[in-house]
Amino acid sequence: MEENLTVEISNVELSVSVGSRPSSLKSLLVNRKHPTVRKLILNVPHFIAREGDRICVIGKNGNGKTTFMKVLAGIFTPTRGQVWTRSKPTAVLAAGIGMEDELTVEENIDVSLLLRNLTSGQIRELKRGILEFCELTTDANKQFKHLSTGYRSRLAFATAICETPRILLLDEVLGGGDEFFMKKANSKLHETIAVSQTAFIATHGPDEFDGVCNRVLVIEEGRITFDGEFSKGVDFYRKSNS
18 MEENLTVEIS
28 NVELSVSVGS
38 RPSSLKSLLV
48 NRKHPTVRKL
58 ILNVPHFIAR
68 EGDRICVIGK
78 NGNGKTTFMK
88 VLAGIFTPTR
98 GQVWTRSKPT
108 AVLAAGIGME
118 DELTVEENID
128 VSLLLRNLTS
138 GQIRELKRGI
148 LEFCELTTDA
158 NKQFKHLSTG
168 YRSRLAFATA
178 ICETPRILLL
188 DEVLGGGDEF
198 FMKKANSKLH
208 ETIAVSQTAF
218 IATHGPDEFD
228 GVCNRVLVIE
238 EGRITFDGEF
248 SKGVDFYRKS
258 NS
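For the sequence shown, position 3 matches number 20 in this note's numbering, and the numbering has no gaps at all.
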């Protein structure tokens, strides 16, 4: 195995059961159960990422972009095939994913940081920075479920990137917020991408990452239809959807 390899996908398929409606009352009474069919929603025969890859993942809604990211993160288990990562990815894939509704803001940060085997001193320092960055210092004791969607996104984002991740996964988690915070968050995001070993950023706006990402994946109908240079990938995507 290559020393600089960080991610490898081999013969991965993900399918889901789709219930079909009974053709008649008789068939329902006889079978008791609705027959099911399997729908293939992701099919990746082979994919690798290396240190230094900054990968922009683009595709229309419902075509498998987020599914691909969740398979990388280990949230979805493939129906078949294998996903290997050199280290556990740091993932921010939705507003508040990985956070517990009943815990407070501070408790959620503590739980997340404790899982990283940090010292109590490191946790205190990082927690202070997270709260300040999210502008939640005065709401540290508020239950997570009482935060707005925007602040949930802020907290998940800031907690995930408070340390330099080896493998970073981001799926359009900064889609809103006040102008000052968005500027601050985007600056931090670009800084984090630059120092991570490998980064995957799923987005509808690839132009924002021109000069940051050096590679594009286009995912259409659950398949990678382009994997290559950034500018060529963006052109391919736009032409295929024009």
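Just to be clear, a hint being listed does not mean it is correct.
Here are the in silico distance ranges between beta carbons for each label pair [to be verified]:
1. Ser-257 with Arg-67: 24 to 34 Å
2. Gly-167 with Asp-127: 20 to 30 Å
3. Gly-222 with Ser-165: 31 to 41 Å
4. Val-212 with Asp-244: 18 to 28 Å
5. Asp-244 with Thr-121: 40 to 50 Å
6. Val-212 with Glu-20: 13 to 23 Å
7. Asn-203 with Lys-159: 20 to 30 Å
8. Ser-248 with Glu-117: 40 to 50 Å
9. Thr-154 with Leu-131: 18 to 28 Å
10. Glu-20 with Lys-159: 40 to 50 Å
11. Thr-94 with Ser-137: 33 to 43 Å
Capping the alpha-carbon separation at 20 Å, the derived lysine to aspartate or glutamate pairs in EDC-like fashion look like this [said to hold, decoys possible]:
12. Lys-105 with Glu-119
13. Lys-77 with Glu-180
14. Lys-200 with Glu-152
15. Lys-87 with Asp-244
Read the hints as simulated data drawn from the structure, not as lab findings. Every residue, glycine too, gets a C-beta built ideally from N, C-alpha and C.
Do the hints match the structure? See the list:
1. Hint check: Ser-257 to Arg-67, Cβ distance near 26 Å, so the stated range 24 to 34 Å holds.
2. For Gly-167 and Asp-127, the hinted distance range of 20 to 30 Å is satisfied, since their beta carbons lie about 22 Å from each other.
3. Judged by the Cβ atoms, the range 31 to 41 Å given for Gly-222 and Ser-165 is violated: they are separated by roughly 23 Å.
4. For Val-212 paired with Asp-244, a C-beta distance near 24 Å keeps the hint of 18 to 28 Å intact.
5. The hinted range of 40 to 50 Å is satisfied by Asp-244 and Thr-121, whose Cβ atoms lie roughly 42 Å apart.
6. Range check, Val-212 to Glu-20: Cβ separation about 19 Å, and the 13 to 23 Å hint holds.
7. Remark: the range hint 20 to 30 Å for Asn-203 to Lys-159 is upheld by a beta-carbon distance near 26 Å.
8. For the hinted restraint 40 to 50 Å between Ser-248 and Glu-117, the CB-CB distance of approximately 42 Å keeps it satisfied.
9. At roughly 20 Å, the beta-carbon separation of Thr-154 and Leu-131 lies within the given 18 to 28 Å, and the hint holds.
10. For the pair Glu-20 and Lys-159, the beta carbons lie near 46 Å from each other, so the given range of 40 to 50 Å is met.
11. The hinted range of 33 to 43 Å is satisfied by Thr-94 and Ser-137, whose Cβ atoms lie roughly 34 Å apart.
12. The straight-line distance between the Cα atoms of Lys-105 and Glu-119 is roughly 26 Å, outside the 20 Å bound, and the hint therefore fails.
13. Under the criterion of a C-alpha separation no larger than 20 Å, the hint pairing Lys-77 with Glu-180 is inconsistent with the structure, at around 31 Å.
14. About 14 Å separates the Cα atoms of Lys-200 and Glu-152, which keeps this hinted pair within 20 Å; it holds.
15. Between the alpha carbons of Lys-87 and Asp-244 the distance comes to roughly 19 Å, so the proposed pair stays at or under 20 Å and holds.
Violated hints, in rising order: 3, 12, 13; the structure is consistent with all others.
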